[in-house]
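Q: Okay, here's what each chain looks like letter by letter:
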Amino acid sequence: MSRRLAALALAVALPASAAENVAALLKQADAFRLPAESVRVETQVELYKNGALDKERLYTVYVKPGRRSLVLMKSPSEIGQKVLMLADQFWLLMPESQRPLRITASQKLLGEASTGDIASMTWSEDYDGVVEDEVDCPVPPPNLPEATAPPKPRRCLHLDLAQARSGVTYARIELYLEKSIKLPIKADLYVGSGKRAKEAWYVPKPIEGQQRIMAMLLLDDIQPNRRTVVHYRSIVPKAAPDEFFNPAALVRNSLSGW
Amino acid sequence: MVKRGAASCLLALALPAGAAEFNAALMVAPEVDTPNTASPYYVGPPLVPDRASRQDLELRLREGGFNVQETLRWQTIRDRTPEQHGIANQFYYDGELGDGLGWTAGKKLMSWGVGFGFKPLDVVQRENRRLVNRPALVGAPVLAVERFTADEAWTVAWTHPGRGEGSDDFRDASLALRWYRLSAGGDDLHAVARLSHRRGLEAGVGATRVIGEEWSIYGAALYERRTRRLMNMLVGNGGTLAAADPMSEQVGGGGTKAVAGAQWTGASGWSTLAEAWYDADAYSRAQWQRLDALTASQHALAGIAPAAAIAGNVAWSSQAYLTPNLLRENLLLRLGYDDRDGFRPYAELLATPRDGGRVWTIGAAFEGNRQRLALGLRQAGGADGSAYARAPIRRAAWAEWRLALF
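Heads up: the sequence lines are chains F and R, in that order.
Under our numbering, residue 258 is the last one in the first sequence; the count climbs by one each step, no gaps.
Under our numbering, residue 1406 is the last one in the second sequence; the count climbs by one each step, no gaps.
Warning: the hint list may mix true and false statements.
[Claimed, not checked] Derived Cβ-Cβ restraints for the label pairs, each shown as a range:
id : chain 1 : residue 1 : chain 2 : residue 2 : range
1  : F       : 51        : R       : 1405      : 48 to 58 Å
2  : R       : 1254      : F       : 87        : 50 to 60 Å
3  : R       : 1221      : F       : 208       : 33 to 43 Å
4  : R       : 1212      : F       : 237       : 49 to 59 Å
5  : F       : 181       : R       : 1335      : 30 to 40 Å
6  : R       : 1364      : F       : 145       : 27 to 37 Å
7  : F       : 193       : R       : 1197      : 26 to 36 Å
8  : F       : 165       : R       : 1268      : 21 to 31 Å
9  : R       : 1170      : F       : 28        : 27 to 37 Å
10 : R       : 1366      : F       : 165       : 55 to 65 Å
Bear in mind the hints are in silico, worked out from the structure with no lab data behind them.
Since we're looking at a predicted model, the values are computed, not measured.
Glycine is no exception: its CB is placed at the ideal position from the N, C-alpha and C atoms.
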C-alpha cells in the first residue's frame, strides 16, 4: 500500500504529461500492437534454448472486443488444436477427440509457448495502475539479436500495472512506454505469487508509415536458458462472426474463409 | 476398406495444394503385454497376443468446409501375418445455411459431454477412454444440422443414416440431439438425447464449473432405456461347457451412467484429478463371481473334457474383459506435471472399490519441434479375486513415436 501511495505522490509530482490518465496511456500503447479492435493475426513463434532454435510454432489468432480471442495452431505438430478465450474463461480443442475441453487459467499457461502471451495483445481492458516515474528507457541486453538499442537514449514512462480482471496471464506488469508517443519498449511480467516470470521486449517496425510492434521477445526468468520470439507476420482488421467464439463451434472448420 | 481409404487419399492429394491445408504424420506404436499366467482366464498365445506394433501414416486435408483424415496402417502382431489397410477416419463437409446455422454430411468425430476417464454423454462416438496406445478415432457417418449463437449451440444428428440396427452401439442408426449453453455465471451446461434401435431412449445432462484460476469440477448423468452387457449364457442354465460361443449380449431394463470429478492445476505445472463414475452396462461384483465360478468349474474338467474345449470356453469367457469398465463403480486418481518444455509425465490409479481391483499407470510424453514420444506402463492387480487381479494380461508397456512430416 505504501508503495502505491508513494507512486501516486510521485505521479502528482511529475510533469502533467507524465501523469496522464493511465487508461488513456494504455490505449495509446495498445494501438501500436493492435491497429483495430477486431483483427486476425498471423503469428510465428520461435523457441530458443541455450541460444539455439529449438522449436517453431505457427498460430492464427482472431481477436474481438470484450476480451475474446481464438487461437488456431497451424504448425504440423499441433495442427487442429484450438484455444478459445472469452474474458476469464478458456477452452481447448484437441484434434484427436474433437471435444472442447474447459480449462482453467492455470492450464492455459501450460505448454511451451503460453497461449496467453500469443492471444493477449492489449493492456487497457485488463489492467489498471499508476505512472511510477519517468526514467531513461531500458536498453535491450546485448545478446538479443532481434532487439537492438536505439542510437540515442530516450525517456520512458514507467507504469506499475495490476490486473483489473480475473483470468489474465500476469497479475502485475511493470511497463515502460516511450514518453513522447507511448510506444511499448519493455515489460516485466509477474505471476500471482509476486515472482517475475518473464521479461518482454517489444520490437517496432514502420508499417505503411506508422510504427507497429511486429515482434515480442520473451526472456524466461523461471527457465533462463529459454528465449521466445513472437513475430506478428500480419495483422489484418477482421471481425469474425460472434458465433465462431462459441465453445461448441470449435469442432467446425468455419473459420477457413476468414 | 483398402480401396476406399486409398481412393480418399488420392482425392486428398488431387485437390489444389495451394488453397488447402494438407498435413501428414508418421506414427510407430509398439506394445508389449505380459500375460497373467495365473489368471483363470489366461489361455496363452496366439489367443492372447503379447507383442504388436502399429505403424500409421496419417493424412489430413482441409479445404473450405471439406475435411479428410485418412490412415494407412501396417500392423504386426507376433505369430500372425502382418496386415495393411486404409482407414477413412473422417471424410465430411461442413456447410453454412446462414448466420450461425450449419450442416454437416459425411463421416465425422462427434465426441460430446464431460469426463476424463469416462464420458456418459458421449452417446454417438462412445470413445473408450481407458485403452492403452489408442489409435486415431474413426468418425460416424452422419447428417447433422447445427445452430450456434454467441453462448448456445444445438446439434441434431442422424447417425448411420438408413442403416438400421447395428452390431454395436457405435454402428447403430440413431437420431441424436445435443444442447450446449455457456451460462451467465460461466458454467458449461450440456444436455444430450439419443433415440436408437439398441438402446431406445438415452437422455442426460452435464456441467463443468471453473473455480478460481486452478480448480474445475464437473459432472454428468445419463439414463438409458435399455442396458446391454455381454454375458455367458452358461451362467444360470446349469451347463459347464458350450460347443459354440456362449457369450451373448443380455438386454436389461433402464440404467444410469454417471461421472463426477474435480481437477486442480497449479502454476507450478503440477495437476491432480479425482474422478468417480458408475456404468450400468458393466458387470456387478456378483456377476463376476458367477463367471469366476463357471470358469473354475470348466478348469475342474481338466483330464475329463478335451483340453481344447476347456481352453475355448475360457477364451470365450475372457471376452468379458473387452468392455471399457470391468465393474460398475470406478474411481480414478491422476497426478501430472508439465515442465513447459515438452515433458509431461503422469501417474494414474484406477480402483474398483467393490472388489478391491487396482490398475496403476505411469507414463510420459516428450514433445520436440516435429516429434513426439509417449511411453507408458500399465499394471493390473489389487485384491485376490478382483476382476483386475484375475485379468489375463497383467502388464502392458507401450510407446508411440510421432513425426509430423508437414
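Q: Next step is simple, just say for each hint if it's right about the structure.
A: Structure-based check of each hint:
1. 51/F / 1405/R: 48 to 58 Å: 28 Å Cβ-Cβ, so the 48 to 58 Å window is violated.
2. 1254/R / 87/F: 50 to 60 Å: Between residue 1254/R and residue 87/F, where Cβ atoms are some 41 Å apart, the hint is violated.
3. 1221/R / 208/F: 33 to 43 Å: 57 Å, violated
4. 1212/R / 237/F: 49 to 59 Å: Violated: the Cβ-Cβ distance is about 35 Å, outside 49 to 59 Å.
5. 181/F / 1335/R: 30 to 40 Å: The hint (30 to 40 Å, Cβ to Cβ) is violated, given that residue 181/F and residue 1335/R are roughly 50 Å apart.
6. 1364/R / 145/F: 27 to 37 Å: 34 Å, holds
7. 193/F / 1197/R: 26 to 36 Å: 56 Å, violated
8. 165/F / 1268/R: 21 to 31 Å: With a Cβ separation near 23 Å, residue 165/F and residue 1268/R satisfy 21 to 31 Å, so the hint holds.
9. 1170/R / 28/F: 27 to 37 Å: Since residue 1170/R and residue 28/F have Cβ atoms about 56 Å apart, the given range 27 to 37 Å is violated.
10. 1366/R / 165/F: 55 to 65 Å: Between residue 1366/R and residue 165/F, where Cβ atoms are some 36 Å apart, the hint is violated.
Checked against the numbered hints above, the structure breaks hints 1, 2, 3, 4, 5, 7, 9 and 10 and satisfies the rest.
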